[in-house]
Amino acid sequence: EAGKNAQEAEKSPEEAATSDGVKGKADAAEKAAGEAKKAMIETEIAIEVAKAEVIYAEVKKTAQEAEKDATEAKEQAEKAKAAAEEAKTHGEKAEKVGESTKAHSDEAQQENKNAKDASEEAENRAVDALEEAYAVEAHLARTKNAAESAKSATDMSELEKAKEEAIDAANIAHQKWLKATQAATIAKEKKEAAKVAAEKAQTAANVVKDKAAKAEAKKAETEAVKAAVEARAAAEEAKQEAAKVGASKEPQETKNKANVEAEATGNEAKKAEDAAEEAKEAAKKANEATDANVARSEADKAIAAAKKAK
42 EAGKNAQEAE
52 KSPEEAATSD
62 GVKGKADAAE
72 KAAGEAKKAM
82 IETEIAIEVA
92 KAEVIYAEVK
102 KTAQEAEKDA
112 TEAKEQAEKA
122 KAAAEEAKTH
132 GEKAEKVGES
142 TKAHSDEAQQ
152 ENKNAKDASE
162 EAENRAVDAL
172 EEAYAVEAHL
182 ARTKNAAESA
192 KSATDMSELE
202 KAKEEAIDAA
212 NIAHQKWLKA
222 TQAATIAKEK
232 KEAAKVAAEK
242 AQTAANVVKD
252 KAAKAEAKKA
262 ETEAVKAAVE
272 ARAAAEEAKQ
282 EAAKVGASKE
292 PQETKNKANV
302 EAEATGNEAK
312 KAEDAAEEAK
322 EAAKKANEAT
332 DANVARSEAD
342 KAIAAAKKAK
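Heads up, the sequence shown is in this note's numbering, so the first residue is 42 and it goes up one at a time.
Mixed in with the good hints, there may be bad ones.
[To be verified] So the derived label-pair ranges between C-beta atoms look like this:
hint : residue 1 : residue 2 : range
1    : E136      : V237      : 40 to 50 Å
2    : E302      : K348      : 41 to 51 Å
3    : E201      : E94       : 33 to 43 Å
4    : K143      : V237      : 16 to 26 Å
5    : E136      : Q105      : 45 to 55 Å
6    : T84       : E240      : 32 to 42 Å
7    : N297      : K325      : 36 to 46 Å
8    : T331      : E99       : 44 to 54 Å
9    : T244      : E271      : 34 to 44 Å
Quick caveat, the hints were computed from the structure, so don't treat them as lab data. From the three backbone atoms N, C-alpha and C, an ideal C-beta is built for every residue, glycine too.
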């Protein structure tokens, strides 16, 4: 040791300066390397932050699309419900005139249920997608916090820890996005299912409506014709009675009254016959109609004509 110290003491001022310069350069190089390493890690963390930001932007769109699909599914379910109600209403009308529409009415009710179930499923999956979007937002915040931690880190272990945190957060954010995408896909599928169910419900309801209308029109025609026949029979009876009174020795006033009654009854019979023709024409159009709404309209005309005939 004493010899070493002696050697140090023996160094010239020039040699001592050179030694200090080398050490200074080494320290500077080490510091520069550390700063470069820190800058590299901060860059890697920034990349993870950028990934998470892109994922968050995408998952927000995914959640919004799922919500839109859920809303559309709900609208389709409302249409199916309206169709089922329509089928029920016209099914009851059909039953009153002896026409069975149970099979189609039941189909409309079943499709209404299918649409409702699909709508509820779409809504639930949209909620799932939104929850995943919130989770992604939280993990994005984690990556940003990691970036802040890296900036203030004083040693390499803190930097590495911040980097691991950022990578973990970005990876989880990606997984959450995938889950949101799966949920949104199901929501879209259920929207389509609700749409199909609504269309089937409406088709079944139209069949019920059509059958009910045609059956009601037929019944109205029958009733109108019957009323016209009865009215004509009454008119003939009144006419014969007037003729009988006219040939009798009854006072002229009585004869006049009988003639007036016969004429009035004849007029009523003519009105009934005209109404019966209206009912027959409307019933014919209702029976030939290929559109349920047209059939319904003509049936209503036939029913109105039958009331006039009566």
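Structure-based check of all given hints:
no.	hint	verdict
1	E136 / V237: 40 to 50 Å	violated, 28 Å
2	E302 / K348: 41 to 51 Å	violated, 24 Å
3	E201 / E94: 33 to 43 Å	violated, 23 Å
4	K143 / V237: 16 to 26 Å	holds, 23 Å
5	E136 / Q105: 45 to 55 Å	holds, 47 Å
6	T84 / E240: 32 to 42 Å	violated, 55 Å
7	N297 / K325: 36 to 46 Å	holds, 42 Å
8	T331 / E99: 44 to 54 Å	holds, 49 Å
9	T244 / E271: 34 to 44 Å	holds, 41 Å
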